[in-house]
Amino acid sequence: MCIRDRVPTNLSDQTIVFFDSSCNLCHSFVTFLSDKRFTEKPQFLAFNAQETKAYPEITTQLNSNLSVVVKKNNQTVTGGPALKTIARAVSCKSSLWQIIWSIVVRILDSVPDFLLTSLYKHIAKHRHQIFGQRKPEF
38 MCIRDRVPTN
48 LSDQTIVFFD
58 SSCNLCHSFV
68 TFLSDKRFTE
78 KPQFLAFNAQ
88 ETKAYPEITT
98 QLNSNLSVVV
108 KKNNQTVTGG
118 PALKTIARAV
128 SCKSSLWQII
138 WSIVVRILDS
148 VPDFLLTSLY
158 KHIAKHRHQI
168 FGQRKPEF
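Start counting the sequence shown at 38; every next residue gets the next number (this note's numbering).
Keep in mind that the hints were calculated from the coordinates and are not lab data.
For clarity, every value in this text was computed on a predicted model and none was experimentally measured.
All C-beta atoms in this analysis are idealised placements derived from N, C-alpha and C, irrespective of residue type, glycine included.
Please note: incorrect hints may appear among the correct ones.
[To be verified] Label pairs and their computed distance ranges (CB to CB): (1) His159 x Thr113: 16 to 24 Å; (2) Ser65 x Lys130: 29 to 37 Å; (3) Lys90 x Ile144: 29 to 37 Å; (4) Gln166 x Ser132: 35 to 43 Å; (5) Asp150 x Lys172: 15 to 23 Å; (6) Ile167 x Ile144: 28 to 36 Å; (7) Thr76 x His159: 31 to 39 Å; (8) Lys90 x Lys158: 19 to 27 Å; (9) Ile144 x Thr68: 17 to 25 Å; (10) Val142 x Thr113: 15 to 23 Å; (11) Thr96 x Arg74: 12 to 20 Å.
Based on the sequences and whatever the hints tell you, model everything.
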C-alpha cells in the first residue's frame, strides 16, 4: 500500500501526523490507521514530503530520535503524548473495532506520560535496527 502525502484543506481542527517514512514500524502504523475500518483518522505527512516544508515549526524539531510529531489545533506534540493524541483522533466503523479501539485508548491514557515518553524514546532511537529501514515514499 502506498501512502500519499496531501495537505488537508481545513488545517484549523485537523490532526496532522508527521512520520518517518523510512521506518518500517512507522510505515506499518500509518498503513494500519489508513485502513478502511477507521472512519475518522488524522492526515499523514512524511517528514521528507514536500508538503512538510510548509510547517517550519515541525522541520526544526526533526532529529534521528524522533519518529512521530503531531500537530493539532496549532499545538505540536511529540513522544508518548503524540501517540495518545493519534489514538484519540481515530474512530472506527464497526462496533467491534470501536470497542477494541476504546480499550487501546484507555490503556494509553492509563500509562503516565513520563513512562510512555521513555518507552517511545527508546524505541524511536533504535527503530531502524529493530524494525528495519525502507526506502522513503514521497
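Q. Taking 19 to 27 Å as the hint, is the beta-carbon distance of lysine 90 and lysine 158 inside that range?
A. 26 Å, holds
Q) In this structure, is the beta-carbon distance linking glutamine 166 and serine 132 contained in 35 to 43 Å? A) 39 Å, holds
Q) Does the hinted range 17 to 25 Å hold for isoleucine 144 and threonine 68 at CB? A) 21 Å, holds
Q.
Between the beta carbons of valine 142 and threonine 113, is the distance compatible with 15 to 23 Å?
A. 21 Å, holds
Q.
Can you tell me whether the CB distance of threonine 96 to arginine 74 sits inside 12 to 20 Å?
A. Violated: the Cβ-Cβ distance is about 32 Å, outside 12 to 20 Å.
Q: Please test the hint of 29 to 37 Å on the beta carbon pair from serine 65 and lysine 130.
A: With Cβ atoms ~20 Å apart, the hint is violated.
Q) Is the hinted range of 28 to 36 Å satisfied by the C-beta distance from isoleucine 167 to isoleucine 144? A) 21 Å, violated
Q) Does the Cβ pair lysine 90, isoleucine 144 satisfy 29 to 37 Å? A) 35 Å, holds
(Q) Looking only at beta-carbon atoms, does the pair histidine 159, threonine 113 fall within the given range of 16 to 24 Å? (A) 21 Å, holds
(Q) Tell me if the beta carbons of aspartate 150 and lysine 172 are separated by a distance inside 15 to 23 Å. (A) Distance hint for aspartate 150, lysine 172 is violated at roughly 33 Å.
**Q.** Hint check for histidine 159 and threonine 76 - Cβ pair distance inside 31 to 39 Å
**A.** 33 Å, holds
In the structure shown, a violation is registered for the earlier hints numbered 2, 5, 6, 11, in ascending order.
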